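J.: Please build the complete structure, drawing on both the sequences and the hints.
If you read the protein sequences in the order shown, they are chains A and B.
Heads up, the first sequence is in numbering that gives the first Met the number 0, so the first residue is 0 and it goes up one at a time.
Heads up, the second sequence is in numbering that gives the first Met the number 0, so the first residue is 0 and it goes up one at a time.
Worth flagging that the hints you see were computed from the coordinates, not collected in a lab.
One or more hints might be untrue.
Said to hold, decoys possible - Restraint-style ranges between C-beta atoms, simulated for each label pair:
(1) A:Ala-156 / B:Gly-115: 22 to 28 Å
(2) B:Val-26 / A:Thr-136: 25 to 31 Å
(3) A:Ile-18 / B:Ala-36: 45 to 51 Å
(4) A:Val-69 / B:Leu-5: 52 to 58 Å
(5) A:Leu-163 / B:Leu-30: 21 to 27 Å
(6) A:Phe-58 / B:Val-26: 42 to 48 Å
To be verified - Computed from the model, here is a short list of chain B residues facing chain A with C-beta under 10 Å:
(7) Ile-7
(8) Leu-15
(9) Leu-22
(10) Arg-24
(11) Arg-98
(12) Ser-99
(13) Arg-116
(14) Gly-120
(15) Leu-139
To be verified - If you want the ones that stay clear, here's a sample from chain A, every Cβ over 12 Å from chain B, calculated:
(16) Arg-19
(17) Val-33
(18) Thr-47
(19) Gly-50
(20) Ile-95
(21) Trp-126
(22) Ile-137
(23) Ile-159
(24) Leu-286
(25) His-293
(26) Leu-309
(27) His-320
All values reported here derive from a predicted model rather than from experimental measurement.
Every residue, glycine too, gets a C-beta built ideally from N, C-alpha and C.
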Amino acid sequence: MTVGATARPRPAPRVLGPIRPRPRWTEAKLLVVVAVTLLVGSLSLGLTMTGDVALYDPFGLAVYLAALAVAHLAQVLAGRRSDQILLPTMGMLGGISLLLMQRLPQDLVTNDVGGRTLGLGQVQLVWLVLGIAVATTIGIVVRSDSWLRRYKYTWAAAGIVLLLLVFVLGTETAGSRLTLRFGPFSGQPSELLKVILVVFLAGYLSENRPLLIEQDTRVGPLRLPPLPYLAPMVVMWAIALGIVVVQRDLGAALLFFTVFLALTYAATGRISLVVIGLVLFLLGSVLMASVFPHVGERFAAWIDPWADPLDSGYQIIQSLHAFARGGLIGMGLGNGLPLIGGRLPIPEVHTDFPLAALGEELGLVGVVAILALFLVVVERGLRIGAAAADDFRSLLATGLALVIGVQAFIIAAGNLKVLPLTGVTLPFISYGGSSLLVNALVIGLLLALSDKGVEPPPPPSERTWRSRLRGSEG
Amino acid sequence: MDGSLLVIWIVRILFLALLYVVLFRIVRTLLRDLRQAAREPGTSLGRLVVVASPAGEPTVGRSFDLDAITTLGRDVNNAIVIDDPFASSEHAILTYRGRSWYVEDAGSTNGTARNGRSIEGPSPLGFGDEIGIGQVRLRLERPRGG
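T.: Here's what the structure looks like:
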């Protein structure tokens, strides 16, 4: 035993340990490859759009790459042993987003800041840089999860309040009541709500896991968990349906319910819960589709968009055409999306259909690579969850990874007519501040959770942690 | 004309190729990480970490890898020896049954606690829960790297 271990134990957990820089070579190498790829992408865009051998908007790309470099250096200086793959993966997806937004007509989104008018690409650049800053800051600063763990009912209450605010005060855009405005600020609370949902579920399930696993209520041939513990499931179902009815946000409802079922299954390993959830969901969907016209319309447009090609089926048909034009290797960055009568064929291309635009310009090959990058994020999250010390952390990491993965799946499947089209964003790629910042928050939390030095409360002092590490290595 | 089209085409293909280089390098790192995790002797079902131990044996922060049946007590024949004046020689048994850990008192004098409350009969134990034996508190943690 070392002399240090016999010293009196530290009473309070240490908020900031000694800061010792720790190189992150894996991350550095990956970021270099990402940067080279984005430079070539920008060159390809410049060649196609202007005909000159020059980068397209080199200033924007330089700012973005500098932000990634600063994020890397900050993590090196902070010396935490967190995951080294998440930042490059997020950087690659964000970089593709930047190239796409620079390439789309800049007047899709304009923002006046101090007399200058920023176009789509510049506004997106600001959000991307802020996102990188958020992810890095959270990844470095968060050293304890007790602020999430201890107040799970407070978080749940905050989430419900947020939801109610949207119900009452939300403004409608494109038939959905999603946006909340406070003076100059506006945002989509359902983005933040998905993180709150995961935090609450991780807390609730880790606390009640033994009960959910152990006890049974027999209903006919089904072995169900004790009925009181099914209550949250029913509440969750009701909330999902409420979102569909009041907010008309099918995507968020689908995302919340899928993540809920997946996490319940991850925590209990009981397939019966998933079956009940799916049956409830199917019943709810059929009911919704027959009662509410806007849901029924989505279903009809999904099953046969050509029945109404100029109205409800218009977007999905244009999306399918874009994928078809792209073919195997695409038309090249900047070469797709011909303007029809001065307008883009897909109206909401920067928020709902970025994958269709990328499918047209990068082809099947490019789309597969992008989807694989999302898979990498999910894999990292599941690995972080599997290596976590306790149930709460394990479920939190699993849930956060699934939120990104499921959301990417829902909108990609919507663009490809695999699922009915819903209005969720493609994480890290779609235009939009709330979406980018919240997904960056998720990455930041995953970074913090992946640090091997973080221990669940009550945390042992760093010294005992070191001596334990020595013991296991010997 | 043809020359510039060729250049554009080459740069296009180069971008797609580099996209896959990024992906390939990331996946290679992932595989290395997975292989390393598989090589570690991480086959235990869980760990017990000492959170508080006034008598000093076992020392605070020490971690024990658990077998499917792990006995705790003051006697040296126990898998985890708890040298505490309030611990019985055969104090408690941890068992892994099916999907979950259970803690059971082995007829000790002062009883066994789960999260501060005394238990009766086999009680399920989640990862992150604490058991108390005498003045010693131990926390069940997930196996490392599992």
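J.: List in ascending order the numbers of the hints, as given earlier, that are violated by the structure.
T.: 3, 4, 5, 6, 13, 14, 17, 18, 19 and 20
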